[in-house]
Amino acid sequence: MSDLVVERSALPQVAPARKPRGGRRTLTAYLFLAPFLLLFVVFVVVPAVYGIWISLHAWNPLLPVKPFIGLTNYLQLFTPGSLTSGDFWQSMGATAIFTVASVPFLVAVPLLLAVLLNQRLAGGSVFRAVFFAPYVLGVAVIGVMWRYLLDPQNGAVNAVLSFFGVQADIPWTVDVPWAWISLVGVTVWWISGFNTVILLAGLKGINAELYDAAAVDGAGAWRKFLSVTLPGLRPVMAFVTTTTILGSANMFGQSFLLTQGGPGTETRTVIMYIANLGLSQNQMGAASAMSYVLFLFLALISIVNFRLQSRRGD
Amino acid sequence: MTAPVLPARRDAAPPRAAIRTDRPAADRGPVVRRRLRRAGLYLVLYLLALAVVLPLLWVLTTSFKSDGDAIDNPASLLPNPVTGAAYQTLLASADLPIFRWFLNSLAAGALQTLLILVTASMGAYALARLDFAGKKVVFGVIVMTLFVPPVIFLIPNYLIVQNLGWLDSIWAITVPGAASAFGIFFLRQFFLGLPAEIEEAARIDGAGDVRIFLQLIIPLSRPAIATLAVLSFLSNWNDFLWPVYVLLSPENLTLQPGLSVLRGAYSTHFGIVMAGAVIASVPVLILFTLAQRHVVESVAASGLKG
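If you're matching them up, the sequences are chains A and B in order.
For the first sequence, my numbering begins at 1 and goes up steadily by one.
For the second sequence, my numbering begins at 1 and goes up steadily by one.
Hints may contain errors.
If you want the footprint, here are the derived chain B segments under chain A, 3+ residues with CB under 8 Å [claimed, not checked]:
1) 62-71
2) 82-93
3) 98-111
4) 122-136
If you only want the chain B side, here are some residues facing chain A, beta carbon under 10 Å, derived [stated by the list, open to error]:
5) 162
6) 178
7) 190
8) 209
9) 258
10) 287
11) 288
Since the hints were made in silico from the structure, they are not lab data.
All residues carry an ideal CB built from backbone N, CA and C; glycine is no exception.
This is chain A alone, in the form it adopts within the complex:
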C-alpha cells in the first residue's frame, strides 16, 4: 500500500485514489440508498414537518374536527394562567433542575474514572468493562432495580445506612430533595461508564511528550492535570458535555419509574409531560408545540455551550 502511495505522489497526473472510476453514477447510488431513504423520509422527514402541522391545530385524535388555530398552541405557552403554560414551565423547570444537578457529576465522575484508568494498570480493560456495564442495561431495569434498592421502608440502601447508624428512613423516592438526589445518583451510576470510555480515549490521544516536558519544568501531578490534561482534552470534553446536557434534558425513564414524577409533579420532566399530554390525554396539538419549543431551547443551549467551549480554546 505504501508503495502505491509513493508511486502516486511521484506521478501527479494520476487521479487521486478516492475518486471512483467511471464518474458519476447517480441512478446506482440512489438505488443503493432507496431502502434507507424510504424509511428516513417516512419516519424522520415527514414527521418533522407533520409535527409542525399538528402543532398549528387543536388536534385531538378522538374528535372528528381538528380546527386550525395558527400559533395559538405556542402563544398559550407564553400566556401565564393558560391551560398548559403552568404545567409546561413547571416541567421545564424540573428538567432544568435535573440537568444542572446531574451534568457536573456526569462529567466529573467519568473524568476521575478516566484519569484513574489511564494509569498503567493490571486489568485496566476489565475495570473499564465493569464501569461500562450498567450502561448496557435499559432504563427500565435501572428504574425498577433502584426503585427497590432505594425503597424508603424495605430498600437495601436504607438498610445499609441504618447498619452504620445513620437515620434509616430517608425518603429517597417520595420527597424532595431526596428524589432529586436519587435521580441524579442513579443516572450517574448508569451513565458514568459511557462517558468514561469516551474521555479515556481522549486522554490516550494526548501527546505523552507534553507530560515529560511538564515534568522537566517541575510540574506536579495536579499542575500537569491543569496545564496538560484539561487543555488536551478540550474537544472531547466539549463533545461529552454537549451530549450529556442533551441527554439529561431528555430524561424520561428515571422519573417515570423511580418517582413517577412525584412528589406531586415535582420531578416530572418535560418529556414525561409532553408524552403524557399528547399520547395519554390526546392533546396532540399542544404537546407538539411544546416539543418544538423544547427543541429550540436545546438548540440554543447547544450553540451557547459550543461557543463557550471554543472560546475557552483561544
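Chain A is fixed; fit chain B onto it per the hints.
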C-alpha cells in the same frame, strides 16, 4: 532449552538487595511512596467497581429470596432460604406473560437489527464509495437529524404508525426506529477507510457495484457490521418510552415496558420484580461480555470524531 524468560514488568520495583546495598536509606522513600500510591489506586478502583457490582448482586440475590426474606433482610446477599419461587410465579403468570415478552424483545431486536444492517450498509456504500448528484445534500440532511431531539418525532410518528395499522404490533417498535441516522453514519465512516485500490482492481476485472458491495465491501467490513449489529440490538432491547406508548395489549409488550407493568402489579413483591429485571438483563450482559471490546471501542471513537 533455557527456562522461559518472563517479560519484565516495567512498574516492578527494583530488587530488594539492590536497594539495601547500593543505595543509601534516604532513597528508599520514593519507592515506598510509589508502591503506596499504586496500592491506593487499586483500592479506589476496587471500591468503585464494588459500587457498580454490589447493586447488581442485590438484584440477583433478591430474585432468589422469599417475600418475607426480601422485606426483612434487604441488604443481605444470602437468600435464606434460596428459592426460585419468584421465577416460578413470574413464568406461570397468565396476565403478565414474561416469557412471551422475552420472545417479543428477541424478535423485535433481531428484526430491527436486520433492517438497520441492510438499509444502512447499502446507503453507506453509496455515500462512501459512489459519486452522485445530490450527495452532499443527502448526507447533510441525514447528519442534521442526529441533533434533533427524539421527542419531536413522538406524536407525528405515533399518528403515522397508527395510520399504517401498526399500533400494538412488532412493526411499530422496529421499522420507525430503523430510520436512525446513526447506522448509516457509522458504516460510512468505516467504508471511507477501505482502500480504493482493491475496488479499482475489481472494476478492471469487470465487477459491477452489486458484486463489489456484496463480495468486497461487506466481507471487509465484518467487524464494523458486527459492532453495529450489537449496538442496534442493545438499543432496541432497551428502548422504553416508545414501546410504553405504542404497545397496548399485555401479550404484545416487550421486556422493558413489561418491567414497568410488573412493578405496578407486584409493588410489594420485590423478589418477583427483581426476577423480571434479571431476565431482562441477562441477555444484554451476555452480549456485552462477548462483544465488550467492540462496543467499548466504538463508543470510545465517537468522541474523537466530534
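Against the structure, the hints:
no.: 1; hint: 62-71; result: holds (count 3)
no.: 2; hint: 82-93; result: violated (count 0)
no.: 3; hint: 98-111; result: violated (count 0)
no.: 4; hint: 122-136; result: holds (count 12)
no.: 5; hint: 162; result: holds (8 Å)
no.: 6; hint: 178; result: holds (6 Å)
no.: 7; hint: 190; result: violated (15 Å)
no.: 8; hint: 209; result: holds (5 Å)
no.: 9; hint: 258; result: holds (8 Å)
no.: 10; hint: 287; result: holds (8 Å)
no.: 11; hint: 288; result: holds (4 Å)
Violation of the numbered hints given earlier is confined to hints 2, 3 and 7; the remaining hints are satisfied by the structure.
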